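Peer 1: Listed below, chain by chain, are the residues.
There are 2 protein chains.
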Amino acid sequence: MHDETSALVAAAAFSEIDRDAVYRAIFTRRDVRDQFLSAPIEDEVLQRLLTAAHHAPSVGFMQPWNFITIRQAGVKEQVWQAFSRANNEAQDMFGKDKKALYRSLKLEGIRKAPLNLCITCDRTRGGKVVLGRTHDLNMDLYSTVCAVQNLWLAARAEGIGVGWVSIFHEADVRQILGIPEHVAIVAYLCIGYVEQIYDQPELQKKGWRKRLELADLIYEEGWGNDTKTIGPEAETAT
Amino acid sequence: MHDETSALVAAAAFSEIDRDAVYRAIFTRRDVRDQFLSAPIEDEVLQRLLTAAHHAPSVGFMQPWNFITIRQAGVKEQVWQAFSRANNEAQDMFGKDKKALYRSLKLEGIRKAPLNLCITCDRTRGGKVVLGRTHDLNMDLYSTVCAVQNLWLAARAEGIGVGWVSIFHEADVRQILGIPEHVAIVAYLCIGYVEQIYDQPELQKKGWRKRLELADLIYEEGWGNDTKTIGPEAETAT
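Same order as they appear, the protein sequences are chains A and B. Okay, so the first sequence: first residue is 1 according to my numbering, each after it adds one. Okay, so the second sequence: first residue is 1 according to my numbering, each after it adds one.
Calculated directly from the structure, the hints in this document are not laboratory data. Please note that the accuracy of each hint is not assured.
A pair holds if it fits inside one copy or across any two, identical chains being indistinguishable in the list.
[What the hints assert, rightly or not] Only pairs whose alpha carbons sit at most 25 Å apart, straight line, appear in this in silico DMTMM-like list of lysine to aspartate or glutamate:
hint	residue 1	residue 2
1	Lys-210	Asp-136
2	Lys-98	Asp-34
3	Lys-228	Glu-77
Remember, it's a predicted structure, so these values are computed and weren't measured experimentally.
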């Protein structure tokens, strides 16, 4: 099993052009809810996106993820109903000041996006003891989130928008998709080609919440020690 | 607050060259434990990495993360001691077949990497009710993991290696860094320039576990329905 033909290889920094492409994916990635076109995602492109997800880091090389593709209108409709019930509950949790704005926001593209993708985490995949997960049982969930973010950035580069829907009771989607109890639902994504995206996060643009100052979030050597060396955030215009 | 000057903008797919750069970051990113050079990370470069992290998606635009930079040898030594105690406990959890191999693996670069970075999640930041977190309280942790993965990919493009250490009791590192109870430790990262990285995940190369077949992980319309349209993973050589 020990592969002696594999080895350390050179790992230089990318050229400035290539580096800027990576940053551009990061800075222009958006949570898309309404800009989806109806064109299907070609199998070859979906395969690239899922390969990107599959190359995420995973604790103990556990690779705990599965990917359930959903294209059938009937299945999407059931998931949308689950979202809609939960979203009605969510509305009532907000105070007067936010409720009207909350109601005005479109928070999912389940039926509009040609492809939905449920990304799950099999909590049992690595056996009883998993290297690196001995002291933090969340690590497998975190690995799965890394897969989501890989896919999201790859999708941006492919001209494909992704929106993460988190407003539903897990039990409802578990039942609709027949997901067993030992498998956690980590992300339910709406995926489709886009021609336009917002130039800022949609919740910022629509007045829900502002971007925090990066410098306020950085401490040195311990919690609460303000940084002296890091200024405002780097230029993100690309 | 509603910014009318901001709007939808064009969001075409990247050029093939730029797209390939994004995939190259994804496919050649490694969890680095021992290849760190001693050269410090310049403030300007660290600022780019943290800006990339800060532009991760976050539930309800909550931005729940903080970043604690650690460069002092004394602080690193305390964290390494916390790792070492936990790693001794971890060794004893593995059966005979894996214990010797486990012991032979280097699982952290805390003292070797010039920079350590603790990325946390303030569970209270968005107030009592957070948009999108009403039905899954883990969503703020997941947002923070997206920040970790953004930083990790940006670091690859900068020629910087990152290793995620997860083997410690959270209470130990919380005490060392003075992190308050309402703030969760999501990731403790070792960061430094690298000249070489493994051409495969280190745990794969060292015989711990093999990469799973992507096609086996994909289902259609529901759990357990094998895919008919997606073949083996896309070519990842770059």
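Peer 1: Take the hints in turn and mark each one as holding or not.
Peer 2: Cross-check of the supplied hints:
1. Lys-210 to Asp-136: between (32 Å within a copy, 22 Å between copies)
2. Lys-98 to Asp-34: within (21 Å within a copy, 49 Å between copies)
3. Lys-228 to Glu-77: For Lys-228 and Glu-77, the Cα distance is within 25 Å only across copies (23 Å; inside one copy 52 Å).
Checked against the numbered hints given earlier, the structure satisfies every one of them.
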